[in-house]
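S.K.: Starting from the known structure of chain Y, arrange chain V on it as the hints suggest.
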Amino acid sequence: MDKKKNFRQWLGQEKVAGYVFSLPFIIGFLMFMLIPMILSLYFSFCKYDIQNPAKFIGLRNYINIFTDDASFWKALKVTCYYALIGTPLKVIFALIIALILAKDTKLTGFYRAAYYLPSIIGGSVAVAILWRRMFEPTGTINAILSVVFPGITNFNWFGEGSAIWVLIILTVWQFGSSMLIFLSSLKQINRELYEAAEVDGANRWRQFWKITLPLLTPTIFFNLVQQTINSFLAFTQSKLITDGQPNDSTLFYTLYVYKKAFPNMGKSQMGYASALAWIMLIIISAVTALLFWSRNKWVYED
Amino acid sequence: MKKKVISMVLSGMMVLSLAACGETAADTTAPAAEETPKAETQTTETPAAETPAADTADASAAAFDPATAGDVTVGFGWWGNQVRDEVTKAACDHFTELYPNVTFNLNSQAWNDYWAQMTSFSSSDTLPDLMQQDYAYFEQWVEAGDLLDLTPYVESGALDLSKIPESIVDTGKSASDGHIYAVCAGMNAPALSYNKTLTDELGITVPDNMTWDQFAEISKQIYDAKGIGVVWHNFNSENPIAYFARGKGHNALFEADGVTVSEEEMTEFYTRLQNAVAEGWLFDTDKFASVDTATIPQSPLVYGSDPSVRSWCTFNFSNQYMAFCDAAKADGIELGITTWPEDNGAQANYLKPSQFFSITTDTQNPDLAVAILNYLINDVDANTLLRAERGVPANSEVAAAIADTVSQTDYTYPIIVEYLDMVSKNSTAIFPPLPGYAGTVNTDVIEGITSRALSKNPSDTPADLAKDFVEGANKVAADY
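Top to bottom, those sequences are chains Y and V.
Counting along the first sequence from 1, when you hit position 215 you're at 215 in this note's numbering, and nothing is skipped either side.
Counting along the second sequence from 1, when you hit position 477 you're at 1477 in this note's numbering, and nothing is skipped either side.
Please note that a few of the clues may not be correct.
Claimed, not checked - In silico DMTMM-like links for lysine to aspartate or glutamate, alpha-carbon gap of 20 Å or less:
hint: 1; chain 1: Y; residue 1: K74; chain 2: V; residue 2: D1460
hint: 2; chain 1: Y; residue 1: K47; chain 2: V; residue 2: E1143
hint: 3; chain 1: V; residue 1: K1475; chain 2: Y; residue 2: D68
hint: 4; chain 1: Y; residue 1: K74; chain 2: V; residue 2: D1468
hint: 5; chain 1: V; residue 1: K1475; chain 2: Y; residue 2: D69
hint: 6; chain 1: V; residue 1: K1456; chain 2: Y; residue 2: D243
hint: 7; chain 1: Y; residue 1: K239; chain 2: V; residue 2: D1292
hint: 8; chain 1: Y; residue 1: K47; chain 2: V; residue 2: D1479
hint: 9; chain 1: Y; residue 1: K239; chain 2: V; residue 2: D1113
hint: 10; chain 1: V; residue 1: K1220; chain 2: V; residue 2: D1200
hint: 11; chain 1: Y; residue 1: K55; chain 2: V; residue 2: D1479
What the hints assert, rightly or not - Which chain V residues face chain Y? A few, computed with CB under 8 Å, are given here:
hint: 12; residue: A1144
hint: 13; residue: T1285
hint: 14; residue: S1290
hint: 15; residue: N1442
hint: 16; residue: G1448
As the list claims (entries may be wrong) - Label-pair ranges, simulated between beta-carbon atoms:
hint: 17; chain 1: V; residue 1: N1105; chain 2: Y; residue 2: Y42; range: 29 to 37 Å
hint: 18; chain 1: Y; residue 1: A17; chain 2: V; residue 2: N1105; range: 40 to 48 Å
hint: 19; chain 1: Y; residue 1: W173; chain 2: V; residue 2: W1111; range: 28 to 36 Å
hint: 20; chain 1: Y; residue 1: A289; chain 2: V; residue 2: G1227; range: 51 to 59 Å
hint: 21; chain 1: V; residue 1: D1113; chain 2: Y; residue 2: W173; range: 25 to 33 Å
hint: 22; chain 1: Y; residue 1: N64; chain 2: V; residue 2: D1160; range: 47 to 55 Å
hint: 23; chain 1: Y; residue 1: T138; chain 2: V; residue 2: A1067; range: 49 to 57 Å
hint: 24; chain 1: V; residue 1: E1334; chain 2: Y; residue 2: M31; range: 54 to 62 Å
hint: 25; chain 1: Y; residue 1: S22; chain 2: V; residue 2: D1160; range: 53 to 61 Å
hint: 26; chain 1: V; residue 1: A1110; chain 2: Y; residue 2: P88; range: 35 to 43 Å
hint: 27; chain 1: V; residue 1: W1111; chain 2: Y; residue 2: T138; range: 19 to 27 Å
hint: 28; chain 1: V; residue 1: D1113; chain 2: Y; residue 2: F208; range: 43 to 51 Å
Please keep in mind that the hints were generated in silico from the structure rather than gathered at the bench.
C-beta atoms are modelled at their ideal positions from N, C-alpha and C, and glycine is treated no differently.
Isolated chain Y, as found in the complex:
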């Protein structure tokens, strides 16, 4: 009895309770993040094929990646292209739709939900397969195009130049979560600012440029950072819709890592894949640092 009380007392202490409540996260973080990361750092210096014990080879993997791997550069190029074009498009699109839906009318609730939906289901396997079907030579998109522009028949969306755009369109379509964040910060802008501006004779356009946009920059910044990282980590679309084809023109970096780690056939190159993953970590960190550095230049802070 006494013991039980002691235990409860001990548990009731603020510092103990805090750790207990955060235990699920701590365990998850250790098991699925920290330990795998440490292991992968070690494997990145090894020749490791999963089935046989890892063999330490020093920097060989890293040297090979930079000196003798055309696919690495290709994958990097493709991923940067996707991130640099897809992310701004997505953020701009989210902002435009948020501005339209900011006004409260009867149907805005419905529209908000409807536009948000794609970003919930967008990363899913089902949507990826649907997307592939839609853009097939004889798919829905071409059927619609051939009606609108009778000249276009059987355009091959999965050709070398256009395949990446199929994936970019998909990511832009999933603007919903950014849109919601924009909507909530649009609501927080003080109405008095607009009233004052109106009194001073500023039109809507000027109000947008001088009030809305500057006050939204922290949100734009947040969305940009988040979506850039997401773009660098995109995997499902590339794996399921194009599988990196044709000619590696949609080979996302993560897909390349996956293909090295779990090849269709032949031995796994898990050590090499780990090295690739660490290079990606460094690249993402650098890009994020760059974005944060640029923060002072254009983000408005109160």
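M.R.: Below, chain V without anything else, positioned relative to chain Y:
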């Protein structure tokens, strides 16, 4: 008809054996239906005491009675197609009917996903008890210690391979120690399935053992008339190059220190591909990317509403003919079967174990797994249910016994048997299994070079590609 089919099976199997063992084992009076259910798996010996999770097999493991295994679930993994999934499930269900204590955890994947999944299972020691294996890759799995040595079970009689020709049993032996790690699930041969409805309509006859030029001529004719092209092999496959090398008279494609083919030879190979793309009939990479080649029902041979995404033929193996015909029915297309085109067809053709069954070292019930393997290989009922979808059974008695029943439900079976018979008369011995590094050549070298060769606007000459192939493959071999 019955006699003819059986004699075809037998003649085919005998040539396969190359040993010309004259045992005419055909007992034509034993149709499958008359077999009593347990007759095949339970031999005369008394059931041995239960030996759960035995590490090594001893003689007492012979004739293990699956009924004594307790309530267990047995994992079984394979790559394949819809038809294979159905027939394998039927065979496993039948086993569960015989031994209600044994249930199956079936795991089927497309070829491309299968190896990735199995590799990850292997790392966590959770491989299924029974695993389908490929001739090309099983050496690599033996090397990794993932496959159970079946030799003791064969010696004890628990696994009966006596009805399988020795040369076929040998294909499941590892070069490292000469022990048996895999058992042939069926025989097949490279085969070109083609749209016979289409060629008939155009008045084209497709001869067996076509040369490449004949093939190009026919393909061009079809493309000019109908706009229907040709879809190439999987980009990451060594098969087309190996077949080409066979035609050139090589005895292997991969040797310990690299590839056997020369740059000059490979230049010819890539010239063919680039010419074909230039003429329009061979799918370029863009077009290849727009079709789905991973699953048979969506193969451009049988699927697609527009000629631009259709192929008049596909490069595959004879056992797949059945699943292709199944898929073609929906479109009302009749399919023909012939050899892959190559200049020296009789030299290039070969018969191969279509795939193997192996038992993994992760199994908890090796004796039971062996009993199931024995059932899959030697049981007439099981093979009737399996419908020879994995190829003509290697057990010649079983092949003869199921010939009638399978032919009745499946009109493709006698066609496949006849095809194998034709190939066996125009073929040379199969290449040795691939060395461990070859899979990496496929993914890291062949895939990229094939993409470049089939590029719509090629920036490489065939000589460049040939050089990159030979040098790339040799480098992978050296780094291994």
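S.K.: Hint by hint, note whether the structure agrees.
M.R.: Consistency of the hints with the structure:
1. K74/Y with D1460/V: Holds, at about 17 Å.
2. K47/Y with E1143/V: 16 Å, holds
3. K1475/V with D68/Y: The given pair, whose Cα atoms are some 11 Å apart, holds under the 20 Å limit.
4. K74/Y with D1468/V: 17 Å, holds
5. K1475/V with D69/Y: Given that 20 Å is the threshold and the Cα spacing comes to 13 Å, the pair holds.
6. K1456/V with D243/Y: 19 Å, holds
7. K239/Y with D1292/V: 13 Å, holds
8. K47/Y with D1479/V: 11 Å, holds
9. K239/Y with D1113/V: OK: K239/Y and D1113/V at ~11 Å, within 20 Å.
10. K1220/V with D1200/V: It holds: about 16 Å lies between the C-alpha atoms, which stays within 20 Å.
11. K55/Y with D1479/V: Given pair K55/Y, D1479/V holds - Cα atoms ~13 Å apart, limit 20 Å.
12. A1144: 3 Å, holds
13. T1285: Cβ of T1285/V sits 4 Å from chain Y, so the hint holds.
14. S1290: This hint holds: S1290/V lies near chain Y, its Cβ roughly 4 Å from the closest one there, short of 8 Å.
15. N1442: N1442/V check passes; min Cβ-Cβ to chain Y is 6 Å, inside 8 Å.
16. G1448: Where the cut-off is 8 Å and the nearest Cβ of chain Y is about 7 Å from G1448/V, the hint holds.
17. N1105/V with Y42/Y: 29 to 37 Å: 33 Å, holds
18. A17/Y with N1105/V: 40 to 48 Å: 43 Å, holds
19. W173/Y with W1111/V: 28 to 36 Å: 32 Å, holds
20. A289/Y with G1227/V: 51 to 59 Å: 53 Å, holds
21. D1113/V with W173/Y: 25 to 33 Å: With Cβ atoms ~27 Å apart, the hint holds.
22. N64/Y with D1160/V: 47 to 55 Å: Holds, at about 49 Å.
23. T138/Y with A1067/V: 49 to 57 Å: 54 Å, holds
24. E1334/V with M31/Y: 54 to 62 Å: The hint (54 to 62 Å, Cβ to Cβ) holds, given that E1334/V and M31/Y are roughly 56 Å apart.
25. S22/Y with D1160/V: 53 to 61 Å: 60 Å, holds
26. A1110/V with P88/Y: 35 to 43 Å: 37 Å, holds
27. W1111/V with T138/Y: 19 to 27 Å: 25 Å, holds
28. D1113/V with F208/Y: 43 to 51 Å: 50 Å, holds
Of the numbered hints listed earlier, not one is contradicted by the structure.
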